[in-house]
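Below are the chains, spelled out letter by letter.
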Amino acid sequence: MIFDVKFLSDELVASVSDDRSLRLWRLGDAAYQQVACFYGHRSRVWKVRQLGEGALVTVSEDTTCKVWEIPG
Amino acid sequence: MYDVSRERLIAFKQAIFPTCFKITNITIQGGLIVLHTEKSLKVLAPDTYQTLYDFSGQSIDKIVHASLSSDGEGHQLSIITAHNFLEVWQLRASPSLVRRIFCEEECILYCADMNSTGLIASGTVFQSILIWREPAVI
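Here the protein sequences come in this chain order: A and B. In terms of my numbering, the numbers along the first sequence are unbroken and rise by one, the last being 1509. In terms of my numbering, the numbers along the second sequence are unbroken and rise by one, the last being 156.
Just chain B, same shape as in the assembly:
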């Protein structure tokens, strides 16, 4: 962790994922640190860097994007995977899958993003971007 304004290293934490050495993304969402590898994800406290949620080996596919939101009792995790589907997980002491939504366009992704309205942008290996969203539940 760096303090950008002072250009200083303020914390160093090693072996967050003991069996994997490639962290693919780190973000700060809702004041919490969210970092993940292809198959594992952890949510850390911003001050102590202690693990609040350990989401390892839960998804059936590689994680390319993760969005964390508060759901009152805890947190909800939305992940977009390498085969272009969305998984929504409830994070508690142990995570539970709420739903899994497949995009009608089956494609391999290298990246994805989700905006505040649930719109998903999927960047594919075929130089295209797929924009899609979870169908509305009637």
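Next comes chain A alone, as it looks inside the complex:
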């Protein structure tokens, strides 16, 4: 299940889900393709939000928030 999805730009989308992952999807050749997948939370991830330029924050059922650097 995808618990949260967020446009970071028109071409870049972030998602979090019940598999504990944060994923980034980029538009290329008329389709969005996964360009990154991050694991670090110990439980389901509920929310993702942009945190200024170049960073994301995720909120998880493991009672932690994690800050992630977006690869350029």
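Simulated from the structure, these hints should not be mistaken for laboratory data. Quick caveat, the model's predicted, so the values are computed rather than measured.
Below, in silico cross-link-like pairs of lysine-lysine (DSS-like), each with a Cα-Cα straight-line distance of 30 angstroms or less:
{"#": "1", "chain 1": "A", "residue 1": "Lys1443", "chain 2": "B", "residue 2": "Lys60"}
{"#": "2", "chain 1": "B", "residue 1": "Lys31", "chain 2": "A", "residue 2": "Lys1503"}
{"#": "3", "chain 1": "B", "residue 1": "Lys80", "chain 2": "A", "residue 2": "Lys1484"}
{"#": "4", "chain 1": "B", "residue 1": "Lys57", "chain 2": "A", "residue 2": "Lys1484"}
{"#": "5", "chain 1": "B", "residue 1": "Lys40", "chain 2": "B", "residue 2": "Lys57"}
{"#": "6", "chain 1": "B", "residue 1": "Lys60", "chain 2": "B", "residue 2": "Lys31"}
{"#": "7", "chain 1": "A", "residue 1": "Lys1484", "chain 2": "A", "residue 2": "Lys1503"}
{"#": "8", "chain 1": "B", "residue 1": "Lys80", "chain 2": "B", "residue 2": "Lys57"}
{"#": "9", "chain 1": "A", "residue 1": "Lys1443", "chain 2": "A", "residue 2": "Lys1503"}
{"#": "10", "chain 1": "A", "residue 1": "Lys1443", "chain 2": "B", "residue 2": "Lys57"}
{"#": "11", "chain 1": "B", "residue 1": "Lys57", "chain 2": "B", "residue 2": "Lys31"}
{"#": "12", "chain 1": "A", "residue 1": "Lys1503", "chain 2": "B", "residue 2": "Lys80"}
{"#": "13", "chain 1": "B", "residue 1": "Lys60", "chain 2": "B", "residue 2": "Lys40"}
{"#": "14", "chain 1": "A", "residue 1": "Lys1443", "chain 2": "B", "residue 2": "Lys80"}
{"#": "15", "chain 1": "B", "residue 1": "Lys80", "chain 2": "B", "residue 2": "Lys31"}
{"#": "16", "chain 1": "A", "residue 1": "Lys1503", "chain 2": "B", "residue 2": "Lys40"}
{"#": "17", "chain 1": "A", "residue 1": "Lys1484", "chain 2": "A", "residue 2": "Lys1443"}
{"#": "18", "chain 1": "A", "residue 1": "Lys1443", "chain 2": "B", "residue 2": "Lys31"}
{"#": "19", "chain 1": "A", "residue 1": "Lys1484", "chain 2": "B", "residue 2": "Lys31"}
{"#": "20", "chain 1": "B", "residue 1": "Lys40", "chain 2": "A", "residue 2": "Lys1443"}
{"#": "21", "chain 1": "B", "residue 1": "Lys40", "chain 2": "A", "residue 2": "Lys1484"}
{"#": "22", "chain 1": "B", "residue 1": "Lys60", "chain 2": "B", "residue 2": "Lys80"}
{"#": "23", "chain 1": "A", "residue 1": "Lys1484", "chain 2": "B", "residue 2": "Lys60"}
{"#": "24", "chain 1": "B", "residue 1": "Lys40", "chain 2": "B", "residue 2": "Lys80"}
If the Cβ cut is set under 10 angstroms, some of the chain A residues that face chain B in the computed set are:
{"#": "25", "residue": "Ile1439"}
{"#": "26", "residue": "Phe1440"}
{"#": "27", "residue": "Trp1462"}
Computed far set for chain B versus chain A, every beta-carbon distance over 10 angstroms:
{"#": "28", "residue": "Gln32"}
{"#": "29", "residue": "Phe39"}
{"#": "30", "residue": "Gly49"}
{"#": "31", "residue": "Thr66"}
{"#": "32", "residue": "Asp72"}
{"#": "33", "residue": "Ser74"}
{"#": "34", "residue": "Gln76"}
{"#": "35", "residue": "Gly92"}
{"#": "36", "residue": "Ala100"}
{"#": "37", "residue": "Leu115"}
We put the CB at the ideal spot given by N, CA and C, even for glycine.
For this one, chain A is given, so just place chain B on it according to the hints.
Below, chain B without anything else, positioned relative to chain A:
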């Protein structure tokens, strides 16, 4: 409401939705506070926290995303629902439905987002993301 820079609670408002205790999202859009439950939504003034718009029980489906924009005379509310359709409402003294657009892919959503160009990302219960937009009116 918290002042993050000073790490202080600056306002507390209770029973915004008297019949529902689970607020599913709070955002600040265009300087206004937009908060909603699954079936109700309110727009509050940022300084007094008074209700500017009460959008309760209007949609036929659960709200998973809400975007507020100014339309000159008032505000327009775009909501994406749990069954993956878009509703656009004109917010005045009482809300009126402008249009309802169904995505061709019928799926149950847990989340969605809409960007400034009207592109919609729908997060489904099947571990997929549907990217779609309202068809252009010719």
